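Same order as they appear, the protein sequences are chains A and B.
The opening position of the first sequence corresponds to residue 1 in our numbering, with each subsequent residue numbered one higher.
The opening position of the second sequence corresponds to residue 1 in our numbering, with each subsequent residue numbered one higher.
In short, the hints are calculated from the structure, not lab data.
All figures in this text were calculated on a predicted structure; none of them were measured in a lab.
Where is the CB? At the ideal position from N, CA and C, for every residue including glycine.
Mixed in with the good hints there might be a few duds.
A few chain A residues facing chain B, derived, Cβ under 8 Å [unchecked claim]:
id, residue
1, Pro513
2, Thr521
3, Met591
Short, incomplete list of chain B residues facing chain A, as computed with Cβ under 7 Å [as the list claims (entries may be wrong)]:
id, residue
4, Ala63
5, Gly90
6, Asp173
7, Leu174
8, Leu176
9, Leu254
10, Asp320
11, Gly324
12, Pro330
13, Ile341
14, Ser428
15, Arg571
16, Pro574
17, Glu588
18, Ala595
Protein chains: 2
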Amino acid sequence: MPSYKAPVQDVMFLLNDVLGYESHGNLPGFADATPDLVEAILSEGARFCEEVLAPLNPVGDRAGCTRDGEGNVTTPKGFKEAYETYRENGWIALSMPEEFGGQGLPTTLNSIIQEFMSAANLAWGMYPGLSQGAAAALAVHGSQEQKALYLSKLASGEWSGTMNLTEPHCGTDLGLIKSKAVPQGDGSYKISGQKIFISAGEHDLTENIVHLVLARIEGAPEGTKGISLFIVPKFLPDGDGKPGARNPVSCGSLEEKMGIHGNATCVMNYDGATGWLLGEENRGLNAMFVMMNEARLAVGIQGLGQSEVAYQNALAYARDRLQGRSLTGPKNPDGKADPIIVHPDVRRTLLSIRTFNEAARALVLWTALKSDTSHRSDDKAAAQAADDHMGLMTPVIKGVLTDKGFDNAVAAQQMLGGHGYIEEWGMSQFVRDARITMIYEGANGIQALDLVGRKLPRDGGRAVMAFFNEVGTFLKDNAGEEAVAPLLGPMKAGLDDLQKATMWFMNNAMAEPDNAGAGSTDYMHLFGTVALGYMWARMAKASAAALASGASGDDRFHETKLTLARYFMERHMPETSLRLSRISAGAETMMGLDADAF
Amino acid sequence: MPSYKAPVQDVMFLLNDVLGYESHGNLPGFADATPDLVEAILSEGARFCEEVLAPLNPVGDRAGCTRDGEGNVTTPKGFKEAYETYRENGWIALSMPEEFGGQGLPTTLNSIIQEFMSAANLAWGMYPGLSQGAAAALAVHGSQEQKALYLSKLASGEWSGTMNLTEPHCGTDLGLIKSKAVPQGDGSYKISGQKIFISAGEHDLTENIVHLVLARIEGAPEGTKGISLFIVPKFLPDGDGKPGARNPVSCGSLEEKMGIHGNATCVMNYDGATGWLLGEENRGLNAMFVMMNEARLAVGIQGLGQSEVAYQNALAYARDRLQGRSLTGPKNPDGKADPIIVHPDVRRTLLSIRTFNEAARALVLWTALKSDTSHRSDDKAAAQAADDHMGLMTPVIKGVLTDKGFDNAVAAQQMLGGHGYIEEWGMSQFVRDARITMIYEGANGIQALDLVGRKLPRDGGRAVMAFFNEVGTFLKDNAGEEAVAPLLGPMKAGLDDLQKATMWFMNNAMAEPDNAGAGSTDYMHLFGTVALGYMWARMAKASAAALASGASGDDRFHETKLTLARYFMERHMPETSLRLSRISAGAETMMGLDADAF
């Protein structure tokens, strides 16, 4: 049975030594959350994920969800009990507004817990995760009355939330949505239509489910400008805010999927269900985007979580499995063979995963702190810069962390040989579960287009210029730092490639937009590699400082960081020049073929 | 439901226009197999794969195999009928020796049919595939008597074969094998032990199963030098060569796997089962290697097959699915949206897969023709050179075609978005089935070590030097060919990187073998990219010649080839410099960490 240990020490290193957590103390919610308290909270969350969620992970995979003839859905054995514990301990509302029953703690803490949950049990974690997404949309777009009713129920976890976007004929292109909303004259609407791939659409964890549903009000304009967002509860709240009459929204069937079997992926049928407008008429996509950005960051974190748990289990196997001898002579001479961790190709695999994971975690937390700054800071310039960063990094984190997270799960599975392919060892589940993260909340090709087509040019390139400046300044400021200097050459080469690619788009994609589309995925990964490399440079600097101080507390920990930073620069960073080559090849060859010549 | 169309036109182009099939006419078996006959045979095989095997593929995935309380295994509905048809039509024995009931046709033809079968139904294709592997070992190492009895039964398909290597504690390191063989004084042995991951170990397709089993004769030396290979039939043949008494070898359980559900992966228990030595005592690994090399080529072909069928189904979806508009204005103005094949990122995905597939097919057929030359030619020098090529390319084909084949199946799945993740569309099965090909018959890390540690240095580097010479000569000879010239720059850059990497190993890995291990996987892929690029250069040359002739028969076909060749050089070939960078980074960083610092 696979196991999981949450990387609390690593997180505390990032918060305290690398990302300047304490300097955020003036933001609301941070003053109370001292580093010691943060560590205590995380340790508590870690224990729950390790001891309750991780053991339930293979259980959920095997059992899956079941639907009875009346459309009721039962989650795997143990899911409901785990949810009750989680809910009672207030985890869902960790970062939600205190006004509606939340704890008001930094979003950053929630992101950390999301990683732990996603690693321990991705399918389970989606239930509270979707509630948090729905709550985010309500917090921004809901009326005071809607917030008082729905947001507080989501915060307490008594009710859960969903996102209803996709229809059978459209997922990416939401302008094609057909679901209809007919005004009833009393402020409510009757919603009709079919939604597919609705995660947590129906289940037995909560007494009510709050569906956020995109639909078109009768007579609304065609396309994306005629779509509105509705709150459609499974049970209509009565006068006391308790679940009342059953609303005609139901689960028509459960999808049979490659993975995340413990999460109920539903076809949802709306048969004149009562709903209320959330936000403005015809501005539904706008309102949904709030939820989607939160969700995209969370999905990136899921990719990291699966990569981390796959790493841990591959590592345990590599230390344990005796097979063959080291190329430089026996390392376990008393045994019949050496543990496979002596082999360079095994170490290459492990370090490729680990150096990704640790930098990805840094990128997530850096961005989560920006999210807190953007939402909570009084300093308008700081908040704006943080918001720029968020917008820029959201597609990078979603796209790169899930693409690489999946690849890493596959690489970790490979280390177990045939044992990786059978379900007994759990590695197959990590691969099958991780696979969805590349697809949902905007397939990664869409993330790449969002980055290149929207985030780069926005505000005259302000966000990307700020990032280039920051990395460039770091390179200049640290040129004389002995411990970090060897990393700066590869880092600078990577940044140069990224800047050249950006310039190439400016020169070639304005007139020929296909040139942007043809290079978008490579650009997203190029960006990710540079951002992750920058995280390693900063981690190495922090570790070098800790070692130089003579009071690091754990020299081994910091020495390892310096080695990992070097590994990243040697093995991951050179990818940037490949990406640049491909981007510079442009669209001509691929667009030159007729569709029927494919 | 996914569909499949075997690429017969493409194969005939490769045989006739690119690889000089007709120049092999002097080899036994080729004289009868004129190009017209080959095309007729392939079309027949294609039809069977398209119409019988492909529709059974999702059926087998869903139903899987079942084992009753007595260890009998039932294959999915329809598998047995398909096997009967296939067997009766003589496909299993296509390239087997006529003396034992085979048709004696070129191995090359068999490799082509293997691709079609692997694409249409990988799990099903493994049953006859394993029989062919067992037959190959018998053909080389069996006594005349063993061949007359077992090989002819395998050729007719009345009996099937298996390979029994892996035990619970060892897969890669076969020196650790514990299964025992006790001589009975009558030429037979009693075999005892447990084998795991035995594909087609037990099933209902044939009246008997011939297990080839590695075991250690009592008192044999420790390690790999004490292992022998045994023939252990499920039913002991009686005097007439009919299945007689039940041998105590049985399926203890079926593995629950990520994919290839239609194939029975068995734990096999040998409880004093009667067996006979195949080949020499204590030379079992040697005998098994014959089977393994055949099997490794076949597994590489499986990777290609899954990549091809995944491509075809992603392409169909890309033409059909309406979503969004082209970046350069509507291409389907009367529809609500354009088909997604208008988007550059979709084309990039499709062409990355297709340019791999077509070159991989060329590499397989080039190598299959070398296999025929090596086994059938009277010209000793030609046979030796062909054998060198085979040895060198076997790990490249196995490792690269399965690594990339899997990646391609994932990329194809991605194009369907959420529809790719649910089982209904069949893309998930391609991914789950393709995944095993990276693992079995020697995990790909082992292929890379075989290439770098064994195949490169063998005979003073004769094989690799011959390959470098051939590609270098092609570059020189075609420098003036207008249609091919634009490909030669990237091709030369790739070859240079490969030669530099080879030189780097010579200079750095002799004294420090970890440097070879640290770069082995990157080297295997670097080698693969150059070999595939060379295939594109040759295909482009052939297509340019066909176009120049004014009588190509299908100008569109050849023009597309030229575009695809350019695409490969633009997008795949630049990978070589990344691989070289990583190889040159060496082992120091990764070996510098203690195992417990991971």
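task: Kindly indicate which numbered hints from before are broken by the structure, ordering the numbers from low to high.
output: Per hint list: 4, 5, 7, 9, 10, 12, 17 violated.
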